[in-house]
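With the sequences and hints as input, model every part of the structure.
First to last, the sequence lines map onto chains V and W.
As numbered in my numbering, the first sequence has no gaps in its residue numbers, which increase by one up to the final residue, 101.
As numbered in my numbering, the second sequence has no gaps in its residue numbers, which increase by one up to the final residue, 184.
Treat the hints as calculated values from the structure; they're not laboratory data.
Incorrect hints may appear among the rest.
Facing chain W, from chain V, some residues (calculated, C-beta under 8 Å) [said to hold, decoys possible]: (1) Ile11; (2) Cys22; (3) Ala23; (4) Val44; (5) Pro46; (6) Ile49; (7) Ile53; (8) Pro61; (9) Lys65; (10) Leu72; (11) Ala83.
All residues carry an ideal CB built from backbone N, CA and C; glycine is no exception.
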Amino acid sequence: MGLTAAADLLIAFGVAVELACCAGIIVMRGAYDKLHYLGPAAIVGPLSIAAAIVVRESVSPAGIKALLTAGLLAVASPVLTHATARALYIRQRDHREPGEP
Amino acid sequence: MNAWLFGAAALSLGLVPCGAVILRGRLLEALIGLQLAGVLQTVILLLLAEGYHEGSLFDLALVLALLSLAAGLVFARMLERWV
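This is how it looks when you write it as structure tokens:
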């Protein structure tokens, strides 16, 4: 019963973080501001869900794969954010977007 | 309907803002929306795998996470100069 409640809590937390990031990405105006919401969505949310799976399944193939997936997302997120911010900077430096002052 | 499937359904709603950013935003804003959508789909697959006790969906989530990284890097590199 305790483990089930802990898993449910972790699921709720992970889903809430993901949905908050979705709200943030649509509310924020510029691309740089939107980029900030990729981090929590790719690190905190998946790790919380993977932790919930491990709490329920313990160290099984399913739990290990979930942890691997969350770990991969956590490692990939800063790399992707950096690559996207770099692309954004170079585009803004080299040529203006249509409609930009 | 258990908590896993409920979570997956709730996260599916999160794809709507991502789609809106992809359709309405500028080019790199659309890329950010695409990256967030990839993360969401990966987490949805994890939740569905646990909710349905379907072990093969865990593999799918892992492959999707890997391919999202590669796709994001390729898109970012292309949008940097070529488009």
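Verification of the supplied hints:
{"no.": "1", "hint": "Ile11", "result": "holds (5 Å)"}
{"no.": "2", "hint": "Cys22", "result": "holds (4 Å)"}
{"no.": "3", "hint": "Ala23", "result": "holds (7 Å)"}
{"no.": "4", "hint": "Val44", "result": "violated (11 Å)"}
{"no.": "5", "hint": "Pro46", "result": "holds (5 Å)"}
{"no.": "6", "hint": "Ile49", "result": "holds (5 Å)"}
{"no.": "7", "hint": "Ile53", "result": "holds (5 Å)"}
{"no.": "8", "hint": "Pro61", "result": "holds (7 Å)"}
{"no.": "9", "hint": "Lys65", "result": "holds (4 Å)"}
{"no.": "10", "hint": "Leu72", "result": "holds (5 Å)"}
{"no.": "11", "hint": "Ala83", "result": "holds (4 Å)"}
In this structure, the one hint that does not hold is number 4.
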